[in-house]
Amino acid sequence: MSETSILKYVHVDSVNMRAGESKSRITVRVPQGLEGCSRIALKSFSIPNTFPNMINKKVEWIEMIQTVDNGTNTWKTALFTIMLNDLDPNQQYLDNINLQSVLQTKFNNEGQAFIRKTNISADGLALLITENILIASEQRQKCQ
Amino acid sequence: MPITITYDTENFIFKISGKQNSATKHKFMILYDDESDESLWPTMGYHNNKLIKKGEISEFLFEAYQSLVNSPTALDYNNGTNQLLKNIHAKDMRDVTENTEKIRSIYAGHASKHENHLGKLNLCSDLASDSFIMGDHGILRKTDILESVVNNVPTFSYIHHSADTLYFHNLNRSDIHRFDLRLYEGDDIKALVDEVLPNWNAVLVFEQNLEIEYHKEETSRMNEYAYTVGHPTR
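Residue numbers (our numbering), protein chains in the order written: chain S, 1 to 144; chain W, 1 to 234.
Please keep in mind that the hints were generated in silico from the structure rather than gathered at the bench. Just to be clear, a hint being listed does not mean it is correct.
Claimed, not checked - Derived coverage of chain W by chain S (criterion: at least 3 residues anywhere in the stretch with Cβ under 8 Å from a Cβ of chain S; other residues may be distant):
#: 1; stretch: 1-9
#: 2; stretch: 37-47
#: 3; stretch: 142-149
#: 4; stretch: 152-163
#: 5; stretch: 176-182
#: 6; stretch: 209-223
Said to hold, decoys possible - Facing chain S, from chain W, some residues (calculated, C-beta under 8 Å):
#: 7; residue: I133
#: 8; residue: H169
#: 9; residue: I189
#: 10; residue: A191
#: 11; residue: V205
Note that beta-carbon positions come from the ideal geometry of N, C-alpha and C, so glycine has one too.
Given the sequences, and given the hints that come with them, work out the whole structure.
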């Protein structure tokens, strides 16, 4: 009794995945089975390079302001979040210049998009108040 | 606080700066959410380790910075003997009341990779688990990566990977009736967003070992026949 090795080629196309499956995780069924296999390798792979870069993205920053309460220095700390999930469908992919433009619009709040402000307590992640504020309108009020 | 973001088209560097005209101390830093893949800063060129993370807020901002700056032991802050403060010095924190824009700006550490953010894809399978990858802090961990496909083409063209030399992985089972294939993004093995993932195809090579049965009598008959063909006597 001896053994001989042969190679079997399996072509997989995500178009033919089972309904309900995810394209990033597909299950391949082999009804006839592949018996006595020992090794596997990838021969080829193809995919369009059309990956979006603005899906489920956000920018966050922290501001700390020192204030004086009854002669004692205290800090007020807040986390600011801009969720970028309200972009137009044609903005799923942005180059750097357009990204800068979109972010500046958000920082200026020109699109009336909310910047979420979360006050942070000394416990760090304990969130005291979460409020959506219009930063730009606050700035305008301060300027007036 | 007004925030300005600029992009240098010659050096491909982002810069973000705040400005507040006030005598009050006002600090500004950008935050990297290491608990999700949503943070945009890393692809814009900012170093993760120079940004404050959510898990560091309590330790860095409250225990270290605020308490020491407020207290007489703020000397520790000045002479840099406090380890926590040393650590926070390594972070990009800016005073937005500074007049000089350069001092109150946070520059990205390297050029933005936002336009071609996906450096490589990892094709993984439950069939093989003989690969290792270096994770955080240089620690090696086991993975099930079949192949890393490098993205070396411009955006909106096709990524083609074709192997002239096959890099085999040992299978963890010999009889295969089903297996999974999974695609992940880049070094961090992040999940790809399924709704916008284009269709892909792959060709896998399985090495199959077939047993061959040799019968002594059959082999003997074949040898005798071959001898008579090779040594004709008539």
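* Provide an ascending list of the numbers of those earlier hints which the structure does not satisfy. => Structure breaks hints 7, 9.
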